[in-house]
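As you go down the protein sequences, you meet chains A and B in turn. Take the first sequence: its position 261, counted from the start at 1, is 261 in this note's numbering, and no numbers get skipped. Take the second sequence: its position 107, counted from the start at 1, is 383 in this note's numbering, and no numbers get skipped.
The set of hints was computed from the structure by calculation and includes no laboratory data. For glycine and all other residues, C-beta sits at the position ideal for the given N, C-alpha and C. Among the hints, erroneous ones may be present.
Claimed, not checked - Derived DSSO-like pairs: lysine-lysine, alpha-carbon spacing no greater than 27 Å straight-line:
(1) 15(A) <-> 386(B)
(2) 455(B) <-> 93(A)
(3) 452(B) <-> 93(A)
(4) 22(A) <-> 144(A)
(5) 386(B) <-> 22(A)
(6) 428(B) <-> 455(B)
(7) 15(A) <-> 173(A)
(8) 386(B) <-> 173(A)
(9) 455(B) <-> 15(A)
(10) 452(B) <-> 508(B)
(11) 386(B) <-> 366(B)
(12) 93(A) <-> 366(B)
(13) 366(B) <-> 15(A)
(14) 144(A) <-> 93(A)
(15) 15(A) <-> 428(B)
(16) 414(B) <-> 22(A)
(17) 93(A) <-> 173(A)
As the list claims (entries may be wrong) - A partial selection of chain B residues facing chain A, derived with a Cβ cut-off under 7 Å:
(18) 328
(19) 350
(20) 360
(21) 405
What the hints assert, rightly or not - To be clear about the criterion: a stretch of chain B counts as covered by chain A if any three or more of its residues have a C-beta under 8 Å from a C-beta of chain A, and this derived list gives those stretches:
(22) 277-284
(23) 333-345
(24) 367-375
Letter by letter, the chains look like this.
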Amino acid sequence: MKADLSNPVLMKEIKLRFRSPKSFVGILFYLASMSLFVIGFFYLMTQDGSSGGYLDPGQSYMLFTMLTYIQLVLVLFITPGLTAGSISSEREKQTLNMLLTTSQTSFQIIVGKLLSSIAFLVLMLVSSLPLYSIVFLYGGVSPKQLLLLMFYFLLTTVAIGSLGVMFSTLIRKTIISMIATYGSVLALLSVTGFLSIFFASLSQGSASPAAHLFAAINPAVLTASLLAADSGNLLREMTGLGWPIWIIYLLFYLAVTAAAVFVSVKSLRVNMARGK
Amino acid sequence: MIETRNLTKSYGSFRALHDLNLEVGEGSVFGFVGANGAGKSTTFSILATLLPPTSGDAFVGGYSVRTSPAEVRRLIGYMPDFFGVYDQLKTEEYLDFYAASYGISAGSRKTLIGQLLELVNLSEKRDAYVDSLSRGMKQRLCLARSLIHDPKVLILDEPASGLDPRARVEMREIMKRLKDMDKTILISSHILPELAEMCDEIGVIDRGRLLARQSVREIHSMMKGDRVIVVKLNGPAAAAAGFFEERPFVSALIRDDEAGEVAFSFSGSQQDQEELLAAAAASPLGIRSFSEEETDLEDVFLSLTKGGGA
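The shape of chain B in the complex, shown without the other chains (with noise of 0.2 Å):
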């Protein structure tokens, strides 16, 4: 659905975008992470036809941004990372202008206003003021807007940012509502865990460069090379430690004989980490539990994008 070929943008001598290349499936959900002037918004602003890339091409549903860009604009909903409201419209006045932007008849603006409303947990704010509303609502009243056509892709660039705790858990509810949608999804955000959670897989883009475009669970094997496993034990924790540290492809172990567990850094393959679990299951160690610890995204980030200037 979505596809850049050899995307490249400079100003002058600066290059904000490298030889992007990057296929997004229908029905999907990409995550872009970058830190700031990573190259995102550039990548957004070309697909959304706001910015003419400097070699290379992007298509939106076979739809060349260079040749096509009034199609692409009908299958797009964008929303900005910085955006403004007419804040003396109200926020069903400032749907409908949309909607008739969009050549939506007047007959069926009213309905489709508010399931859009409800969708983002606004309706009790139809009458209100744009103005008036909180960050978050205007956050999730951009979104609704840009669902106003019903696209089939939503380039939505860090929709979540600047937005309180509890204003991040609406608008992550929200994503998964439109995950289910089967709508095409190019998310970027600077709040990891949170793409983690609703992307099928995450590009990391640093200094206009793609270095990583893989599932979230690749991105952490390929980085790490190692993972990190923690063993709880009936038995005793030192027994355990002496049985783990004689093994190939462990190192870096902790032992916490209060707790009963040890913990190392393993890497080797799956199935030498299967042999590794059936090995100590065999023992007379005591295996109460043997797991992969979950490494956080932010390391996986910062170790991709060490020295870009995070």
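This is chain A alone, in the form it adopts within the complex (with noise of 0.2 Å):
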């Protein structure tokens, strides 16, 4: 335990990350450009006069609502950028065989990395909170759905890195390492959603296992589901089903991780006695 709190990849990493320039320059473009959007909708919405300069609840909720559908994105976009290159730019940077000669075990170099590009994303979250708390001025939105919407997050952000780094460790060249985890994520945002729809339409009404699963892992139904409580009853009507969506995506998320660090801890370095 002492050994993972003190990981050496991970200080090294998050050392080498926030003394680049290029980080704190995403990070105040990403804030300028969502302090734009809330203040450019403070303004269509107050423009007419008759608000006197305030946000109903529901003019609130829909703020909250599109700030979250941009995380989201940030979320599904950026996390393939940060860890598809772990391993394999050690690799093309000629440093790897030196870090994998040390003591450290797989495992951790691995937890390392992932865990060094997690950070910096957690970061752009939670330094984006104060924006997102705008809404909570207004009314509509409780901290606790604020906090579930961040927990949801750092899930997906942890599921998706994770496929990032299998891929970095499997994968030699960063660039196609990177196509193989956003090529992931789009799976994941657009085929589970296909093939919900295309389950639900062979049931034709009855119970349909199998689009409630593929639907409950696209991460825009979770996120519709967390924004609007009436979600999970369209769901219901569509796949026949009641299961509660969320837990189906903690347990596959989870599932998605367990196997990501597994396969890449165990490809990371080779095996010596298989004698090939």
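From the two separate chains plus the hints, produce the assembled complex.
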């Protein structure tokens, strides 16, 4: 446990990442874009004069929903970029062999790489919380809802990050690893949605577990269900099943994380006993 | 300390390493000489637990690379032929990262890093970014990195490769210091005379096969079969030339009247050579000196690997 807490790769990666001006420029650009969006939203909603310069709870919730989808896009499209080169770039920079001959375990190296990438994304998410919190001024959103969404983002980030690290370990070239990771994200977003609709249409009104399961692992569907409680009813009508989708989502993405980390750890170092 | 038993590595039908049998004793320095693609780096990669052998096994400190790679890693300090550095780290931070990677406590790292930087003559670059170091400095830093956990065995793949003459001299000096520290060192190089200077033994590898594994002197004798003897004279060279030409095992005699010396190839044994010297000394030729000329190790290497694409 002590070794995990003082993970050298994690410390080194955090140092390197936060020393780079690119990281700060990235956060600055993200927060500036979010701020412009919030200001623009306020301007559009309050310009008719009837609002008295305030958002009503419905508008406040709309802002919250939009910000949540922006954050989702951030999680889905920045995480692969942060993780898909974690091991392959070490290989390309010819630093991997030296790292692999140290006493660090493969698990330490993989977890260090994963956590350092996630730490940066978590910083981006946390730094946007003050902007998010504006909605509390006008009501319509509970802090519990916000915390739930943050946990959901974290889980999704860890799962996609693990996939990125796994592809980076398995594939020698960073560019190919990036393509594979982005491809997986797109598959989770679009292919699961398509399959869910496909199986639901096949069942013709009867219960369709496949349609329900594919819908449950789609990040956009879970986001919708967290933002609008009645979206669960829509899914129930479509698939004929009422299984809580957040449990399926949680179990699926935990399994994805565990499997991806396992494969990464097993493939990082060659099996010396293999004799191939 | 290092042992390989019938170590073989194949890539499809290409055999990069062919039944390599090698033993390197504790505290000795073994030089690996071979052309590019001869199998040096393959051997080193297997010993560093980065490449699984196809058959056979390798042992470091009694641990098999096949069954106990983690124990082997603790015993070795490995410096690859090509390596990169983390550009945005300072020299001290770079070494600190590797020290932490070997589980060295934070409290003892600072002193250790100071000592290592001193050993490789980089003390004044402690706060410099690794990116700003010259090639030679990076090589020395990488060497310091490989020493960070005080390994018993050093596996150094062409540590002087690509360095300018001054940097090579510095690297050679460091190697001598490491030798004095009783490290078991396995080193490869294309700079053959440098290897000859620092190694106890040299192995010549070509196309995956170990052609010779002996001391530098033994390799000279074995390969040449005959030696070049230079005799300097007080008297006329012509008389000496006549004297030596009539002796057994002497051939290819060259006479230099101006310098007053003769040189010839001698294919006899060491005892034959001593008898020749005694006969020459007893003659009225006026022998000023009688010496065996050192042949260049490169000649030996080229002889051994001729046709090997060196």
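If you draw a straight line from the CA of residue 414(B) to the CA of residue 22(A), is it 27 Å or shorter? Holds: residue 414(B) and residue 22(A) sit about 25 Å apart, inside 27 Å.
Check of the stretch 333-345 of chain B against chain A for coverage (Cβ-Cβ below 8 Å, three residues minimum): It holds, with 4 qualifying residues against the three required.
Do the numbers back the hint for residue 350(B), that is, is its least Cβ distance to chain A under 7 Å? holds (6 Å)
Closer than 7 Å between Cβ atoms is the bar; does residue 405(B) clear it against chain A? Give me holds or violated. violated (10 Å)
Hinted pair residue 455(B) and residue 15(A), Cα distance within 27 Å: At roughly 36 Å apart (the allowed maximum being 27 Å), residue 15(A) and residue 455(B) break the hint.
Restraint check for residue 386(B) with residue 22(A), where alpha carbons must lie at most 27 Å apart: Violated. Residue 386(B) to residue 22(A) sits at ~30 Å, over the 27 Å cutoff.
Is it true that the CA of residue 386(B) sits at most 27 Å from the CA of residue 366(B)? holds (14 Å)
Does residue 360(B) pass the interface check with chain A, least Cβ-Cβ distance below 7 Å? holds (4 Å)
Regarding the pair residue 386(B) and residue 173(A), is the alpha-carbon distance no greater than 27 Å? violated (36 Å)
Would you say the stretch 367-375 of chain B counts as covered by chain A, given the rule of at least 3 residues with C-beta under 8 Å? Holds: 3 residues of the stretch 367-375 of chain B have a Cβ under 8 Å from chain A.
Going straight from one Cα to the other, do residue 93(A) and residue 366(B) come out at no more than 27 Å? Distance of about 17 Å is within 27 Å: holds.
Between residue 452(B) and residue 93(A), is the straight-line Cα distance small enough, at 27 Å or below? violated (30 Å)
When held up to the earlier numbered hints, the structure conflicts with 2, 3, 4, 5, 8, 9, 10, 14, 15, 21 and 22 and fits the remainder.
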